[in-house]
Amino acid sequence: MATMIFYILGFILLAATLMCITRRNPVHAVVYLVAGFFALALMFYLLGAPLVAAWEVIVYAGAIMVLFLFIIMMLGLAPQEVPPGPGWQRWLPLALLSASLMICTLLLVLQDPAAGQEIGDFYLAPQALGEALFGRYALAVEIVSFQLLFATIGAFLLGRPLPKGEGP
Amino acid sequence: MTIPFGHALAFAGALFVLGLSCVLIRRQIMMILIGVEIMLNAASLAFVAASAYWRQPDGQVFVLLLMAITAAEVAVALAMVVYLWRRKRTLVADEFNGMHG
Amino acid sequence: MNESLLFLIPLLPLLCAVLNMFFGMRLPRLFAETMAVTGVAGAFVLTLLFWGQGGGEGTRAVLFSWLSSGSLEVSFALNFDRLAAPMTLMVTGVATLIHLYAVGYMHGEDDYARFYSLLNLFVFAMLMIVLADNLLVLFLGWEGVGLCSYGLIGFWYRKLENAKAGTKAFLVTRVGDVFLGIALLWLFTLTGTLSISAINAQAATISPGVVIALSLLLLLGACGKSAQLPLMTWLADAMAGPTPVSALIHAATMVTAGVYLLCRFFPLVSLSAVAMTAITAIGALTAIYAATCAMAQREIKRVLAYSTMSQVGYMFMAVGAGTVAGAMFHLLTHAFFKAVLFMAAGCVIHLADNENDIFKMGGLARRGPPELFWVFLAGAVCLAGLPLTGGFFSKDGILLALFSHPDPVYRVFWLIGVVTALLTAFYTFRLVYLVFAGEYRGAGHPHAIPLLMRWPLWPLALLGLGGGLLNLPAFVGGGEALHHWYGTLAGLEVDASQEVEWMLVGLAAALTGGGWFAARWRYRSYRPPLDNAVSRFLLSGWRADALVDCLFVRPFAAMARFCSTGCDRTLFDGTINGLGRLATSWSNLLVLLTTGRLTSYLSAFAWGFLVLLGWFLLKLVNGGGHG
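Residue numbers (numbering that gives the first Met the number 0), protein chains in the order written: chain A, 0 to 167; chain B, 0 to 100; chain C, 0 to 626.
What the hints contain is simulated information worked out from the structure, not anything from laboratory work. Computed from a predicted model, the values in this text were never measured in an experiment. A couple of the hints might just be wrong.
Selected chain C positions facing chain B (Cβ under 10 Å, derived; list incomplete) [claimed, not checked]:
| no. | residue |
| --- | --- |
| 1 | Ala364 |
| 2 | Phe551 |
| 3 | Thr593 |
| 4 | Thr594 |
| 5 | Leu601 |
Okay, the calculated beta carbon distance ranges per label pair [said to hold, decoys possible]:
| no. | chain 1 | residue 1 | chain 2 | residue 2 | range |
| --- | --- | --- | --- | --- | --- |
| 6 | B | Trp53 | A | Ala14 | 28 to 34 Å |
| 7 | C | Ser586 | A | Trp90 | 43 to 49 Å |
| 8 | A | Glu117 | C | Trp585 | 52 to 58 Å |
| 9 | A | Glu141 | B | Trp53 | 24 to 30 Å |
| 10 | C | Arg568 | B | Arg85 | 54 to 60 Å |
| 11 | A | Gln110 | B | Trp53 | 17 to 23 Å |
| 12 | A | Arg89 | C | Thr593 | 17 to 23 Å |
| 13 | C | Thr593 | A | Ala114 | 47 to 53 Å |
| 14 | A | Ala131 | C | Thr593 | 17 to 23 Å |
A few chain B residues facing chain A, derived, Cβ under 8 Å [claimed, not checked]:
| no. | residue |
| --- | --- |
| 15 | Thr1 |
| 16 | Val35 |
| 17 | Met38 |
| 18 | Ala42 |
| 19 | Gln59 |
| 20 | Val60 |
| 21 | Phe95 |
| 22 | Met98 |
| 23 | His99 |
We put the CB at the ideal spot given by N, CA and C, even for glycine.
Bound conformation, chain A alone (with noise of 0.2 Å):
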């Protein structure tokens, strides 16, 4: 039962990924993406990772997503007449790149010895979440919390209202 809901969701996952990455208008292309990420998420709980899968959707779907469409609106990106691009002749090129990319990397994936071992039952409390996070990874907790300092900081200098003429 679980398993044919996993394959499922990795269905949905796909099927909305390539609606995001097909839709002209951007706020069209974050909401697909944002319902992909709550196919993502329960995926993410079915593979033993509640945490994980809360945070998927706070963070991710919650916070950066809502990100992007702030700076979307902000700006009126949409809904912007792109103009027309050059066509298919640029596309083919790419579309085959990216077919091929596909291709290789299922293929790869698959044949490895690893691939066809079963994942078990598994399920990690967030307990147990906690005491691996704040124990073996205390240091590197710290390390990114500068980063989002810096990130705040550079963030802030970047959107700085421009002098008359030029740049900062």
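Model the placement of chains B and C on the given structure of chain A, informed by the hints.
Then chains B and C, alone, in the frame of chain A:
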């Protein structure tokens, strides 16, 4: 639920390639950034699947760190997008070719 | 007298040359001129003082050891012997008179220091040739006269044809010098020494074939300096230099250096009959060639140049016939009368307002000082061989030697010499009539002739006329002074009966008279010059310049063009530039990759990623092959 490890990884791989094609094919900087997000999520999926396979928490810890980093990166990236918009009022990536040789 | 003072003879002119070179322009002009004349006059006085030491075995003086390497021991040594003494006296004496003449001739020239220093340097180099004890000193002098002749012929170098004449002289004589150099080296390898007397002593030990080869090499070297066939094209053009230069170099000294060389190596050269015949043949052919060319020349100095070529041919014939005394006799008398002819020609050119063409002269006997006509006539009759003049006796001596030579081939050469004598008389009197007789045909105003240009002519004219006394033949009651002076160096004895001698004398007189009458008949009253194919052919020296140009200059120029344009420019530069262009075009191609666009860079990422994946796949496929 018994899923072959390879299938989970295959999903991750497919998602990654989809994100890569979004990066390659779309011309707007915003869509390129969204493609990057998709690729990062594919990596997260791979990590979680591996964490389940090896029955260790380390993969999931890394997914958290990944999300934090992504948040930071998105913040700065979007700030840059705003800046670029203010400079040129367009977000087509090809327009910003001042470094051409 | 101390023999090392012998070195002062060449060193005085050298010293004055160097002083004039460095200080001539800063000192007053009179000082430079005096220094130049004193240098040569001092050498002349010294030669007179040393005269006694030249008799007998001669005097040898060594200054310092020049080269000393292994078995090669060469010292800077002079040899004042019986052959060198009269020649030195002639060179310094005639040079002194010509220097005095030059002071007058060049009085309007601003560049006088260069002129006098080159002139003195030339005398030094010529004395090196004459007094050399070994081949290296001789070669030093040989090259030195070539250099000074180049500098003096092209003295007025600002006119391009003068510079070209100087270059031509230098290059053509250089060809002869190459042969002399080969002979020098070969002689050293054969005999182990460069000393001329040692080589002559060992001459008998050299194998006959090598002797012939060496003699021919020496002959070619002599031909270069003496302007004989085939290296004669430079002499006519060398008249572009000032007249004192022509008088000194191309009448008395440099052109006779070849004859002197052969006389010096007579013991070696006379060993081979083939070589002697070759020498005589070259002399004879040159003599008649030059005489025919002189008949058609229009410029006064060119006539005299071809005449010199012809007379030096006589000297070569004398050496080939075996009589060194006869060759040197003619050399000395020729020096006198040719120098006076050149100097008088310089006065004539002055009179005709710097006009060289004899067809534009005429009547100059009345326009200029009267003595000019008489000195010119004195030189002319010597050249033509009027009986009892110096030129007559010397030329007659040569013809006698040719006639009475045991080898019958020499009769042919004698005949050529006889015909040439007739032609010589003809063109000489042609010159005299066209320049001095009749009415003045030109348009110029005569320049005044300075005293210094007139006075030195007299001693030379008298020496030319009376030169026969130097070596008066026995059948007219003379003592053959020169012949006895040379003694064993005089070459082969001429064996001829009195009847033969008188017959030849009569023949010579008849030739002179015949030539004179022919010239008188044709040129006494003026006729314009002929302009047909024959005269043009003779005027251009039998088109020798064109032949040399076709045979040597053009192929050389073509080769130079091939090397410069074909090889250097096309191949080397082309390759290097081509490589540069290749690099530039590659980089231009690569530049296309740097579009500055984010999307292209991302595409590059993806393609690289694909390559990486493809490689993994390949490894997988191959790895799956065996496992």
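Evaluation of the provided hints:
| no. | hint | result |
| --- | --- | --- |
| 1 | Ala364 | violated (91 Å) |
| 2 | Phe551 | violated (58 Å) |
| 3 | Thr593 | holds (3 Å) |
| 4 | Thr594 | holds (5 Å) |
| 5 | Leu601 | holds (6 Å) |
| 6 | B:Trp53 x A:Ala14: 28 to 34 Å | holds (29 Å) |
| 7 | C:Ser586 x A:Trp90: 43 to 49 Å | violated (31 Å) |
| 8 | A:Glu117 x C:Trp585: 52 to 58 Å | holds (55 Å) |
| 9 | A:Glu141 x B:Trp53: 24 to 30 Å | holds (26 Å) |
| 10 | C:Arg568 x B:Arg85: 54 to 60 Å | holds (59 Å) |
| 11 | A:Gln110 x B:Trp53: 17 to 23 Å | holds (20 Å) |
| 12 | A:Arg89 x C:Thr593: 17 to 23 Å | holds (19 Å) |
| 13 | C:Thr593 x A:Ala114: 47 to 53 Å | violated (41 Å) |
| 14 | A:Ala131 x C:Thr593: 17 to 23 Å | violated (46 Å) |
| 15 | Thr1 | holds (5 Å) |
| 16 | Val35 | violated (11 Å) |
| 17 | Met38 | violated (10 Å) |
| 18 | Ala42 | violated (12 Å) |
| 19 | Gln59 | holds (5 Å) |
| 20 | Val60 | holds (5 Å) |
| 21 | Phe95 | violated (13 Å) |
| 22 | Met98 | violated (16 Å) |
| 23 | His99 | violated (18 Å) |
In terms of the numbered hints stated before, the structure departs from hints 1, 2, 7, 13, 14, 16, 17, 18, 21, 22, 23, listed from lowest to highest.
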